[in-house]
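Chemist: Place chain D on chain R using the hints.
So the protein lines, in turn, are chains R and D. So for the first sequence, the numbering used here puts the first residue at 1099; every next one is plus one. So for the second sequence, the numbering used here puts the first residue at 3; every next one is plus one.
Because the hints were derived from the structure by calculation, they are not lab data. Warning: the hint list may mix true and false statements.
Said to hold, decoys possible - Dumping the calculated EDC-like pairs for lysine to aspartate or glutamate here, alpha-carbon to alpha-carbon at most 20 Å:
| id | chain 1 | residue 1 | chain 2 | residue 2 |
| --- | --- | --- | --- | --- |
| 1 | D | K193 | D | E151 |
| 2 | D | K185 | R | D1114 |
| 3 | D | K185 | R | D1140 |
| 4 | D | K114 | D | E78 |
| 5 | D | K185 | R | E1259 |
| 6 | D | K141 | R | E1133 |
| 7 | D | K193 | R | E1105 |
| 8 | D | K141 | R | D1140 |
| 9 | D | K193 | D | E154 |
| 10 | R | K1247 | R | E1259 |
| 11 | D | K141 | D | E197 |
| 12 | D | K82 | D | E49 |
| 13 | D | K200 | D | D139 |
| 14 | R | K1229 | R | E1168 |
| 15 | R | K1134 | D | E197 |
| 16 | D | K185 | R | D1107 |
| 17 | D | K193 | R | D1140 |
| 18 | D | K82 | D | D41 |
| 19 | D | K200 | R | D1140 |
| 20 | D | K82 | R | E1168 |
| 21 | D | K185 | R | E1119 |
| 22 | D | K193 | R | E1133 |
| 23 | D | K193 | R | D1237 |
| 24 | D | K200 | R | E1133 |
| 25 | D | K193 | R | E1119 |
| 26 | D | K200 | R | D1107 |
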Amino acid sequence: MNIQCNELDNLLMEGDAFSMEIAQRHARECAACAEKLASWNDISGTARGMQARWQNDMLWPRISRSMQREQPRMRNWIWQVAAALVLVAGLGGVFWKTNQMNHDPLLTIAAIDQVETAERQHTAAIRNLEKLAGTRLDDPSTPLLVSYKEKLMLLDDAIAECQSAIDHNRANAQVRKQLLAIYSEKQRTLQDVLREDNRVSHQ
Amino acid sequence: MPGETLAVRLPSLTTPDTPKREGAATSEHDVRLARACADGNQDVFAELYRAHSDRMKSIAYNHLGNVSDAEDAIQETFLKIHRAANTYTGEAAFSTWIYRILVNTCYDHLRKRQRRIQETPIDDFITSDRAGSGVDDVKRMALRRMLDELPEQRRSVFTLFEIEGMSHAEIGKILDITEGNSKWILFATKKHLQEQWKTAQ
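This is chain R alone, in the form it adopts within the complex:
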């Protein structure tokens, strides 16, 4: 098989035994290509002698030690990841359970019913107290009783406002706490009214 000089590169790129044989045959009749081919083969021949080999009996023990040192670290790492996963799963479970409880409509309604029952008992007790103090406040005999009467009127207004807010949202815990605080204040004020009336009647 005869080739032209410009085809030599294609043969060198292929590089297989057949291509190199054709290149060699062409080079026998072409001095320029023979020179190219000689340096090409010289590089390959030189490279084949460049395998680096040396003996170091310490290398494998060194590698082995470094791997053994790493094994506990890898095991620790696996345990750390496993522990972290368990922790995340546990916290997730607790969070989910809490969330479920908070959003359980039956539980929410039951809790509100309980609060409202307590409130009703509380307001009934205060109403009894109010009846006892009512007669003293219709015609207050001292300036202190007058101011108690005004305070009770303000507290009643505040109670009415809270009640209105609760009618819109029964589960509004904040307003219920305010209402409870106002009822407690009303209770203390009515007790003060009765004490003041006692003090005046004993004079």
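Modeler: Same frame as chain R, now just chain D:
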């Protein structure tokens, strides 16, 4: 470099004088090897070392230019094999996978030292059994210097094909390039070296 001498002994499992240019095939054995490595089986690692360390040394040395760095790269490669063996899927032969890790480790080393190649790369204890091959030490040293100047990929293709006698198919798998690309890179590299070779001679 006056101290340069070459290969001590012919490798039993690696490159012969005349390269066979065979691509390593994946086998069930490779998958079992990888599993054992993932389990940290030291006997298997010792066997791998016996089978591949000669070629690994040569590849690392021809990338890094000195024994100390080459040994560090080999050690690091074994640690990486240990850590990543469970990711081996058998898409290439286990030996190919090992050489891929080694070459990438060599690249990491080269980048770390920013191509600082020691002036006396060959240690005295590297000896040769190739004295009769007719290849001149001066030529080898000249070629080594030329290789040191090559870009990473070109150096790898040249080293793996011309020095280690691997096939373009295996080189393609190691370097994650096509077989044709490997062939073209080798041709372009040798053309480039040929120009310098003439001057050096």
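Chemist: Give me the numbers of the hints this structure contradicts, sorted from smallest to largest.
Modeler: Going through the list in order, the structure violates hints 5, 14, 23 and respects the others.
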